[in-house]
Amino acid sequence: MPDSMKTIRKKTGHFLEDFEPGQTFRHKGGKTVNEGLFSTFTEFAMTTNPFAKNARYARAYGFEGLVCPPGLVMLVAFSQTVEDVSENARANLEYIDMRFGAPVYVGDTIEVETKVIGVRPSSSRPKLGIVHVQSTARKNVGCEDEAVVLTWQRKVQVYKHDATAELHAGEVEPDEIDCELWLPAYDPSADYKALSHLSSSDSYFEDFEPGTRIEHSRGRTMTPEHIHLTAILDNTSQVHCNQYMIDLDPRQYVGGQLIIFGGIPFVLCLGLSCPDVGDNALGDLVYTTGRHTAPLFAGDTVFAATEILGTRDHPTRDDLGIVETRLLGHKFVPEVDEPQDDEAASGWKKVDIFSLDREVVVKRRSHYA
Amino acid sequence: MPDSMKTIRKKTGHFLEDFEPGQTFRHKGGKTVNEGLFSTFTEFAMTTNPFAKNARYARAYGFEGLVCPPGLVMLVAFSQTVEDVSENARANLEYIDMRFGAPVYVGDTIEVETKVIGVRPSSSRPKLGIVHVQSTARKNVGCEDEAVVLTWQRKVQVYKHDATAELHAGEVEPDEIDCELWLPAYDPSADYKALSHLSSSDSYFEDFEPGTRIEHSRGRTMTPEHIHLTAILDNTSQVHCNQYMIDLDPRQYVGGQLIIFGGIPFVLCLGLSCPDVGDNALGDLVYTTGRHTAPLFAGDTVFAATEILGTRDHPTRDDLGIVETRLLGHKFVPEVDEPQDDEAASGWKKVDIFSLDREVVVKRRSHYA
Amino acid sequence: MPDSMKTIRKKTGHFLEDFEPGQTFRHKGGKTVNEGLFSTFTEFAMTTNPFAKNARYARAYGFEGLVCPPGLVMLVAFSQTVEDVSENARANLEYIDMRFGAPVYVGDTIEVETKVIGVRPSSSRPKLGIVHVQSTARKNVGCEDEAVVLTWQRKVQVYKHDATAELHAGEVEPDEIDCELWLPAYDPSADYKALSHLSSSDSYFEDFEPGTRIEHSRGRTMTPEHIHLTAILDNTSQVHCNQYMIDLDPRQYVGGQLIIFGGIPFVLCLGLSCPDVGDNALGDLVYTTGRHTAPLFAGDTVFAATEILGTRDHPTRDDLGIVETRLLGHKFVPEVDEPQDDEAASGWKKVDIFSLDREVVVKRRSHYA
Numbered sequence: 000m001p002d003s004m005k006t007i008r009k010k011t012g013h014f015l016e017d018f019e020p021g022q023t024f025r026h027k028g029g030k031t032v033n034e035g036l037f038s039t040f041t042e043f044a045m046t047t048n049p050f051a052k053n054a055r056y057a058r059a060y061g062f063e064g065l066v067c068p069p070g071l072v073m074l075v076a077f078s079q080t081v082e083d084v085s086e087n088a089r090a091n092l093e094y095i096d097m098r099f100g101a102p103v104y105v106g107d108t109i110e111v112e113t114k115v116i117g118v119r120p121s122s123s124r125p126k127l128g129i130v131h132v133q134s135t136a137r138k139n140v141g142c143e144d145e146a147v148v149l150t151w152q153r154k155v156q157v158y159k160h161d162a163t164a165e166l167h168a169g170e171v172e173p174d175e176i177d178c179e180l181w182l183p184a185y186d187p188s189a190d191y192k193a194l195s196h197l198s199s200s201d202s203y204f205e206d207f208e209p210g211t212r213i214e215h216s217r218g219r220t221m222t223p224e225h226i227h228l229t230a231i232l233d234n235t236s237q238v239h240c241n242q243y244m245i246d247l248d249p250r251q252y253v254g255g256q257l258i259i260f261g262g263i264p265f266v267l268c269l270g271l272s273c274p275d276v277g278d279n280a281l282g283d284l285v286y287t288t289g290r291h292t293a294p295l296f297a298g299d300t301v302f303a304a305t306e307i308l309g310t311r312d313h314p315t316r317d318d319l320g321i322v323e324t325r326l327l328g329h330k331f332v333p334e335v336d337e338p339q340d341d342e343a344a345s346g347w348k349k350v351d352i353f354s355l356d357r358e359v360v361v362k363r364r365s366h367y368a
Numbered sequence: 000m001p002d003s004m005k006t007i008r009k010k011t012g013h014f015l016e017d018f019e020p021g022q023t024f025r026h027k028g029g030k031t032v033n034e035g036l037f038s039t040f041t042e043f044a045m046t047t048n049p050f051a052k053n054a055r056y057a058r059a060y061g062f063e064g065l066v067c068p069p070g071l072v073m074l075v076a077f078s079q080t081v082e083d084v085s086e087n088a089r090a091n092l093e094y095i096d097m098r099f100g101a102p103v104y105v106g107d108t109i110e111v112e113t114k115v116i117g118v119r120p121s122s123s124r125p126k127l128g129i130v131h132v133q134s135t136a137r138k139n140v141g142c143e144d145e146a147v148v149l150t151w152q153r154k155v156q157v158y159k160h161d162a163t164a165e166l167h168a169g170e171v172e173p174d175e176i177d178c179e180l181w182l183p184a185y186d187p188s189a190d191y192k193a194l195s196h197l198s199s200s201d202s203y204f205e206d207f208e209p210g211t212r213i214e215h216s217r218g219r220t221m222t223p224e225h226i227h228l229t230a231i232l233d234n235t236s237q238v239h240c241n242q243y244m245i246d247l248d249p250r251q252y253v254g255g256q257l258i259i260f261g262g263i264p265f266v267l268c269l270g271l272s273c274p275d276v277g278d279n280a281l282g283d284l285v286y287t288t289g290r291h292t293a294p295l296f297a298g299d300t301v302f303a304a305t306e307i308l309g310t311r312d313h314p315t316r317d318d319l320g321i322v323e324t325r326l327l328g329h330k331f332v333p334e335v336d337e338p339q340d341d342e343a344a345s346g347w348k349k350v351d352i353f354s355l356d357r358e359v360v361v362k363r364r365s366h367y368a
Numbered sequence: 000m001p002d003s004m005k006t007i008r009k010k011t012g013h014f015l016e017d018f019e020p021g022q023t024f025r026h027k028g029g030k031t032v033n034e035g036l037f038s039t040f041t042e043f044a045m046t047t048n049p050f051a052k053n054a055r056y057a058r059a060y061g062f063e064g065l066v067c068p069p070g071l072v073m074l075v076a077f078s079q080t081v082e083d084v085s086e087n088a089r090a091n092l093e094y095i096d097m098r099f100g101a102p103v104y105v106g107d108t109i110e111v112e113t114k115v116i117g118v119r120p121s122s123s124r125p126k127l128g129i130v131h132v133q134s135t136a137r138k139n140v141g142c143e144d145e146a147v148v149l150t151w152q153r154k155v156q157v158y159k160h161d162a163t164a165e166l167h168a169g170e171v172e173p174d175e176i177d178c179e180l181w182l183p184a185y186d187p188s189a190d191y192k193a194l195s196h197l198s199s200s201d202s203y204f205e206d207f208e209p210g211t212r213i214e215h216s217r218g219r220t221m222t223p224e225h226i227h228l229t230a231i232l233d234n235t236s237q238v239h240c241n242q243y244m245i246d247l248d249p250r251q252y253v254g255g256q257l258i259i260f261g262g263i264p265f266v267l268c269l270g271l272s273c274p275d276v277g278d279n280a281l282g283d284l285v286y287t288t289g290r291h292t293a294p295l296f297a298g299d300t301v302f303a304a305t306e307i308l309g310t311r312d313h314p315t316r317d318d319l320g321i322v323e324t325r326l327l328g329h330k331f332v333p334e335v336d337e338p339q340d341d342e343a344a345s346g347w348k349k350v351d352i353f354s355l356d357r358e359v360v361v362k363r364r365s366h367y368a
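Chains A, B and C supply the protein sequences, listed in that same order.
When the letters of the first sequence are read in order and numbered with numbering that gives the first Met the number 0, they come out as residues 0 to 368.
When the letters of the second sequence are read in order and numbered with numbering that gives the first Met the number 0, they come out as residues 0 to 368.
When the letters of the third sequence are read in order and numbered with numbering that gives the first Met the number 0, they come out as residues 0 to 368.
Where hints are given, some of them may not hold.
In this list, chains with the same sequence are indistinguishable; a pair is considered to hold if it fits within one copy or across any two.
As the list claims (entries may be wrong) - Okay, derived cross-link-like pairs now, EDC-like style, lysine to aspartate or glutamate, Cα gap no bigger than 20 Å in a straight line:
| hint | residue 1 | residue 2 |
| --- | --- | --- |
| 1 | K5 | D206 |
| 2 | K154 | D174 |
| 3 | K9 | D201 |
Since the hints were derived computationally from the structure, they do not count as laboratory data.
Let's have the full structure, built from the sequences with the hints guiding it.
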């Protein structure tokens, strides 16, 4: 490097003092969903719903083609907000009122905007505070089929850059976002039964009984593949992909190692639950609240369970019902002290990693099988 | 978890006592081949045949576009049968009479049915038995271009769920499946020679001499990527992806670690042999028999060889010939006792992992180069 | 193996004595860029330019759809030459005068030719010599939109197969290759500003000041994924994917382990620099010279910096300017002796891995934002 060169280090992302209630970010990039992304994520998560696997099945139901599973829509939309909202975050505290709209197909381009609706300091940790945002993802902006595909709020714990900077603390109202789950119409003349062998036979609306907990049978071990999975989503947070940064000061980082992006266990739990809960879903309606309760690392094996909290009729469709669930993720870690959960095998301790309150729109057997 | 919740653990897959000769499974899901899947598997296996790489070449020969290599067709079709047939298997014993039909293109949707044609107990191990099945994969069911793309039999060693359950032992005849390899017509006016630099120059029909063994020059080291590769195929068997299950009781599992899905070395051996055997193949006709002879683990490097067992004219096409081969896969493991193969380098022992009797339809130089 | 079988081991690639000035290779295979390849590589490298991410943005500028980023074009084209030129190389010494032409879209098929323009022995190492080649990649050969997409020279250090063989030493003139960067026209009636939030706001032509060095903020840790990444490019060199070959004689190989294909850090450095240098680039004009200065291994974290060497007007377009840069890649390794770079953190030594002199065609803020 010539001595005369002036070095520039650009700041990436925003810090706590940069956020201001009412402020709006139109996020950079945007992302066209292509078949590589679709294949990588749908399959990684072991999703089984045929709308995401079998184009003839999806078209027979009135979709244009393979449908992005809700977890993939969420990951693509959420990741667009990372640089502006959470590149300098310590943790994502809560997902709130995440509602799905239009279906996303291969070829659709997703763009996202975020409004800051709250900023407040941490009471106990002066270098941290909480930013509350509302984000909305649209597809094909400016085109005929422009539509909202997802809207949600989240709360993030963000670092201050300058410990002495003053905050723009306060709150504003979230915007009213018109976002209703699009559902293909029920066609009484269609032969849905001829396709019914392609989805699981015991996950229709009639099969869900409030007060039951389904332990999903499969587990899936994560590997350092998570670095690539995170990059493919345009998630730029360094705690997921920069081992050198961790090595310089491991105590500064959770677990002293690269932490897996929370979107990965989010979508993996959805996938692991899919044969039992999602195989006959026409769509996910809303995730009212969700949070990560422990970090996930390469080498961990992820398991999931679903609690059926309630069921209700669909307000306008007698071929469908709504299942109210809580999706739970867990892993096992080697036990260092006494056992504390009778589900854990000897020497291993169960650790809850994820919880998501989730309402699913499910086909009725009476109409489809 | 509320105390009042009732826990459900669904049984996944079938056990030995569930199988009955004559029974038919129409497998769930189905799979639309997209460009992500195509790219991942064709390239992972180091396939070189230009029909799978170069769309202008494929179209010039009369294909609609890039053609799924036979190994990928096999993997997609086979994996659809795993949940019903082999999720609770100890081992896949043999591939039998695997015959290819119509070509598979990006956008085609594969669906598979399986008929149970034999069930018998193991003579020595009361908890195990052998299930013999016949599976058939069709593309674009219900559409104009519906066609059989692959049909095969296999024998699987399956666990009993209940040691005292009675078996439905017996045999039935396999179905007659109309499955003939589709080949693009030879067009005497086409300038095939103008494309001949795009495939290897020494793998035409005239180049194969019965009684020779070709040691393919390349090796390929497997990594934990196999977990993702298996998931992308919808193969749900837990021995390939659930490390916690292995850790709970390593002695119960082959090698005490995650075992790589047999389809992976299958397609990798096909790929490694491609420059020498498959570069001028118009298609694979039949795999008469095949088996895995040792497990493969992350960290192993796979090599392949092909024995030329015979050659014969194609019954109806004088531009083509049929090469009868045996494809062999091997790896090397650190030697713990005395050397037993002069091909092995000092300190390493060669271990055969795979064998496949394979008939390939190959272009004649006289017509194409 | 029957005793009577004759074993064949085919030689792969060419050795030093096989090269002859003036000789031309029409490389095998060719490669159709599909969405799987596009997604894997664009995202792996953390590319941010919206032309490669957002199809509506790309079309609004006059491209046909998502545009392959220059690093991906380079990787696809370069890899086609590996078997003939560098499968038996010890090292790639230099990239020279790499010039871009037509844009590459998903669906385009790339085919490559190489002319040998120089062969000379190594003065100090009798088993090695230097081959100087000129390669040209075309898309859609024989079709209406056939076009040169990339042309470049490189110097490679190649092994002799037979130490006593005579070389065809000498030089010939490189061919004149008509290869000019295609740029979408500036449309004064277009509302480019309505899209300007989708790229970074501080990387227009007006923002680049000669004499500055931009330290790009992100790092990216490489994993054994590099084996798959190399295979997906059809790069067949065994030093990237055959661990057994390394294990047999580790001292023979750089670092005694699998070395990451140089194209990987090449494209990763381009990607890491993208938010600061490439986000508002319409295209890369030329890489005048480039070289790898240290090997990269799984586990290393890659960082990049860009020195702004100069800026100049575009000869024919007043909406654009040309930024002359030097792209630099580095990693950190644990320090074993005394520190030698004040940028290195305690205990770590900075190691330069890559350098590329690169001219980029960049939009002017005056016209686009």
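Identical-chain pair category, K154 with D174, by Cα at 20 Å: within (16 Å within a copy, 60 Å between copies)
Within a copy, between copies, both or neither: where do K5 and D206 come within 20 Å Cα-Cα? For K5 and D206, only the inter-copy Cα distance (14 Å) is at most 20 Å; the intra-copy one is 67 Å.
Cα distance capped at 20 Å. Does K9 pair with D201 within a copy, between copies, both, or neither? between (54 Å within a copy, 10 Å between copies)
No hint from the list above goes unmet by this structure.
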